[in-house]
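Single-letter residue listing:
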Amino acid sequence: AQTVTQSQPEMSVQEAETVTLSCTYDTSESDYYLFWYKQPPSRQMILVIRQEAYKQQNATENRFSVNFQKAAKSFSLKISDSQLGDAAMYFCAYYPQGAQKLVFGQGTRLTINP
Amino acid sequence: GAVVSQHPSWVICKSGTSVKIECRSLDFQATTMFWYRQFPKQSLMLMATSNEGSKATYEQGVEKDKFLINHASLTLSTLTVTSAHPEDSSFYICSVRTGGSNQPQHFGDGTRLSIL
Numbered sequence: 001a002q003t004v005t006q007s008q009p010e011m012s013v014q015e016a017e018t019v020t021l022s023c024t025y026d027t028s029e030s031d032y033y034l035f036w037y038k039q040p041p042s043r044q045m046i047l048v049i050r051q052e053a054y055k056q057q058n059a060t061e062n063r064f065s066v067n068f069q070k071a072a073k074s075f076s077l078k079i080s081d082s083q084l085g086d087a088a089m090y091f092c093a094y095y096p097q098g099a100q101k102l103v104f105g106q107g108t109r110l111t112i113n114p
Numbered sequence: 001g002a003v004v005s006q007h008p009s010w011v012i013c014k015s016g017t018s019v020k021i022e023c024r025s026l027d028f029q030a031t032t033m034f035w036y037r038q039f040p041k042q043s044l045m046l047m048a049t050s051n052e053g054s055k056a057t058y059e060q061g062v063e064k065d066k067f068l069i070n071h072a073s074l075t076l077s078t079l080t081v082t083s084a085h086p087e088d089s090s091f092y093i094c095s096v097r098t099g100g101s102n103q104p105q106h107f108g109d110g111t112r113l114s115i116l
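Taken in sequence, the protein lines are chains X and S.
According to our numbering, the first sequence is numbered sequentially starting from 1.
According to our numbering, the second sequence is numbered sequentially starting from 1.
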């Protein structure tokens, strides 16, 4: 079975600092997609960043970047220059090629300290 | 702008009533929509995959007769919680995939359901 593990239930960081959220997954597939979603207190799910497994280059979106290690099945999210608005639950998600279902991790609650 | 519209955002009702939640795909046609349930401080749990013009595919452990899904058009899927009880209180979220398998799912804003 495909699983996604986020080993950090909670993380906190000082405003303007950098924080890394970890995510590992288990799969036998070679083609798949990985996503990070953010869920602020409003509970809306917001796509932060995505990565195609066939791409070696790590995805970046402004202050958000990933460290994708395919062999290690690791997909961490780095948030640079943390802002108060980054406070949220962050979910890592895995999506096999041609599949319908997203597989979510348990989530990491990120707190930003002013 | 919003890709998915979900309504209502919050509903409170008495035990035994049925509640309908709508999920609308804006600006594009969605043959597949997804319904999730989320308990406090937990991850999203997929309940069912809603297929336009055919029966929904339910995940193991989800009661088909309790959670009725109708996907009658390419832009609308509805989830009806029948004879709701307090244990059905939860946050329900729908999502839509806008294209091929390499496209992310876009989520509605969710519905907070409270059964008294």
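Treat the hints as calculated values from the structure; they're not laboratory data.
Check each hint, because a few of them may be wrong.
As the list claims (entries may be wrong) - The calculated DMTMM-like cross-link candidates involving lysine to aspartate or glutamate, where the alpha carbons are at most 25 angstroms apart (straight line), are: (1) K64(S) <-> D27(S); (2) K101(X) <-> E22(S); (3) K101(X) <-> D26(X); (4) K70(X) <-> D65(S); (5) K101(X) <-> E59(S); (6) K64(S) <-> E87(S); (7) K41(S) <-> E29(X).
Measure nothing beyond the straight line between the CA atoms of K41(S) and E29(X); if it is 25 angstroms or shorter, mark the hint as holding.
This hinted pair is violated, its Cα atoms lying about 30 angstroms apart.
For a C-alpha distance cap of 25 angstroms, please report whether K64(S) and D27(S) respect it.
violated (29 angstroms)
Please work out if K70(X) and D65(S) have their alpha carbons no farther apart than 25 angstroms.
violated (41 angstroms)
Under the criterion that the straight-line Cα-Cα distance not exceed 25 angstroms, is the pair K101(X), D26(X) satisfied?
holds (15 angstroms)
Need the status of pair K64(S), E87(S): alpha-carbon distance at most 25 angstroms?
OK: K64(S) and E87(S) at ~16 angstroms, within 25 angstroms.
Compare the distance between the alpha carbons of K101(X) and E22(S) with 25 angstroms, and conclude whether the hinted pair is satisfied.
The given pair, whose Cα atoms are some 20 angstroms apart, holds under the 25 angstroms limit.
Regarding the pair K101(X) and E59(S), is the alpha-carbon distance no greater than 25 angstroms?
Cα-Cα ~11 angstroms, so holds.
Figure legend: structure checked against the earlier numbered hints; hints not met, in rising order: 1, 4 and 7.
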